[in-house]
Amino acid sequence: MKSLFKLIILMVVLVSFASCQNKSKPNYQFFPDMYEPIGYEAYGEVEFLPDGMEAKLPVEGSVARGHKPFDIDGSIEGYNLAKASLVSPLDSTQIDGPRGGQLYDIYCGVCHGKKGDGQGILVKREKILGVPSFDDQGRALTQGSVYHTIHYGKNVMGSYANQLNEEERWQVVDYVMQLKSELGGSQTVKDSI
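Numbering (our numbering), first residue to last: -18 to 174.
Bear in mind the hints are in silico, worked out from the structure with no lab data behind them. Cβ coordinates follow ideal geometry from the N, Cα and C atoms, glycine included. Just so you know, not all the hints are guaranteed correct.
Unchecked claim - As a list, the in silico BS3-like pairs of lysine-lysine whose alpha-carbon atoms are at most 30 Å apart:
1) Lys108 to Lys49
2) Lys64 to Lys(-17)
3) Lys135 to Lys49
4) Lys105 to Lys95
5) Lys64 to Lys49
6) Lys49 to Lys105
7) Lys108 to Lys96
8) Lys64 to Lys96
9) Lys(-13) to Lys49
10) Lys108 to Lys135
11) Lys105 to Lys135
12) Lys64 to Lys95
13) Lys108 to Lys95
Stated by the list, open to error - Distance windows between CB atoms, simulated:
14) Leu103 to Leu71: 26 to 34 Å
15) Gly134 to Ser43: 32 to 40 Å
16) Ile87 to Glu58: 29 to 37 Å
17) Glu107 to Val44: 40 to 48 Å
18) Leu62 to Asp117: 31 to 39 Å
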């Protein structure tokens, strides 16, 4: 009889424990922040920043890492200055023709054509018109004028300064000058008549 009584009490205790357990929630959270993250409102006030979370402007005169400022401005006078005086800082060992060709094909070839003749796919489909050839005598392209145009853009062409870093721009400039010489254009500035 004592064993039957112990068995009944054991059953009651087990049933009471089983009925109190809630399987939809964990019993104990070891790291509650992992289960219930704290959401911060973007640019809202938080206790650990006195001014709140806000976009801060960089200090005036600071230069981003890996960026070299281009000292010639984007005006017509800047273009003429670059055309007359700017030359590539890369020597012959740093120039990579195939890489320059790849970059040209990606960024320039769709408008200027694979050969630099102004007959890219967008020109052939008449999406844009009036893209001159690199050997156009009226343009008298130089390394400086091509670099300035890539950096700032000119007329309908936009700037590629965000897509190409300085070294890549000079690789493209070298490739454009190769295409110009293959088309029969001179690499020197000629006086216009």
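For each hint, the structure was consulted:
For the suggested pair Lys108 and Lys49, the alpha carbons sit about 34 Å apart, so the restraint of at most 30 Å is broken. Taken as a hint, the Lys64 and Lys(-17) pair is broken in the structure, with Cα atoms around 108 Å apart against an allowance of 30 Å. Pair hint Lys135 plus Lys49 holds up; C-alpha atoms about 21 Å apart against a cutoff of 30 Å. A threshold of 30 Å between alpha carbons decides the hint, and for Lys105 with Lys95 the separation of about 12 Å falls inside it, so the pair holds.
With a C-alpha separation of about 20 Å, the suggested pairing of Lys64 with Lys49 holds against the 30 Å cut-off. Taking the CA atoms of Lys49 and Lys105, the gap is near 37 Å; set against the 30 Å cutoff, the hint is violated. Restraint check: the Cα-Cα separation between Lys108 and Lys96 comes to about 19 Å, which is no more than 30 Å; the hinted pair holds. Of the supplied pair hints, the one linking Lys64 and Lys96 holds, its CA atoms being roughly 22 Å apart against a limit of 30 Å.
Taken as a hint, the Lys(-13) and Lys49 pair is broken in the structure, with Cα atoms around 85 Å apart against an allowance of 30 Å. With a CA separation close to 18 Å, the supplied pair Lys108 and Lys135 stays within the 30 Å bound. Proximity of Lys105 to Lys135 is assessed by CA-CA distance (about 21 Å); at most 30 Å being required, the pair is judged to hold. Restraint check for Lys64 and Lys95: satisfied, since their Cα atoms lie roughly 24 Å apart, inside the 30 Å limit.
At roughly 17 Å between alpha-carbon atoms, Lys108 and Lys95 fall within 30 Å of each other, so this suggested pair holds. A hinted range of 26 to 34 Å holds for the C-beta pair Leu103 and Leu71, which are about 29 Å apart. Between Gly134 and Ser43 the CB atoms are about 25 Å apart, so this pair departs from the stated range of 32 to 40 Å. The beta-carbon spacing between Ile87 and Glu58, approximately 31 Å, falls within the hinted interval of 29 to 37 Å.
Evaluation of the 40 to 48 Å hint for Glu107 and Val44 yields a pass: the beta carbon distance comes to about 42 Å. Remark: the range hint 31 to 39 Å for Leu62 to Asp117 is contradicted by a beta-carbon distance near 21 Å.
Violation of the numbered hints given earlier is confined to hints 1, 2, 6, 9, 15, 18; the remaining hints are satisfied by the structure.
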